[in-house]
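K.L.:
Sequence:
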Amino acid sequence: MRMIPDFVDGAILPPGIHSCSWDELVTRFGRSERRRSLCNELRRIVDTAAGCAFLGILLWGSFPTAAENPGDLDLLFITLPGVSKNNVAPECAELLEPERSRERFGHDFLQCSNDPEVLEYLARYLGYDSSIDKQKGVLRLDLPCE
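128 is the number that the working numbering gives the last residue of the sequence shown; the numbers go up by one with no jumps.
Simulated from the structure, these hints should not be mistaken for lab results.
No false leads were mixed into what you were given.
Cβ pair distances, simulated, as ranges: (1) ASP(-12) to ALA75: 35 to 41 Å; (2) GLU23 to GLU81: 15 to 21 Å; (3) GLU99 to SER44: 23 to 29 Å; (4) SER44 to ASP124: 18 to 24 Å; (5) VAL(-10) to ALA75: 36 to 42 Å; (6) LEU62 to SER1: 14 to 20 Å; (7) GLU6 to ARG82: 25 to 31 Å; (8) ASP124 to GLU79: 21 to 27 Å; (9) ALA71 to LEU92: 17 to 23 Å; (10) GLU81 to ARG25: 20 to 26 Å; (11) VAL(-10) to LEU62: 31 to 37 Å; (12) SER95 to ALA(-7): 30 to 36 Å; (13) SER19 to PRO(-13): 21 to 27 Å; (14) GLU6 to CYS94: 21 to 27 Å.
The calculated lysine to aspartate or glutamate pairs, modelled on EDC-like cross-linking and capped at a C-alpha distance of 20 Å, are: (15) LYS67 to ASP97; (16) LYS67 to ASP56; (17) LYS116 to ASP(-12); (18) LYS67 to GLU85; (19) LYS67 to ASP90; (20) LYS67 to GLU79; (21) LYS67 to ASP29; (22) LYS116 to ASP56; (23) LYS67 to GLU81; (24) LYS116 to ASP(-9); (25) LYS116 to GLU102.
All residues carry an ideal CB built from backbone N, CA and C; glycine is no exception.
Produce the entire structure from the sequences given, and follow the hints as far as they go.
P.N.:
Below you can see the structure in the form of structure tokens.
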């Protein structure tokens, strides 16, 4: 059964958070050379985040769209309450520090604790695309993922 819905308006996911497996994400969004490269980078990040005991990742921006060549990976790490860059291992702290994550990985990372109301709010905020004045859906990948 497909968990990621079809695109609406030809290019974007319907508004909301759409959970998916790793295999489904790669099958659906790893089709072009650029997308395969981003999936490889994402796998490296996912493996690090899973080793940090993060709970999941929200993906937004150009990646979960029909764009042939998305610009980068925009990620939000879902963590247990109280997790911060000050109380995790150095490799985990890199994921939680925007400047260091941009420098090391070349992508934008945010963090939020696993609060459903806050995640819904953030999905609406992060999913809004002012260039098309529309709400786009975001993907949720739970960790660890196979």
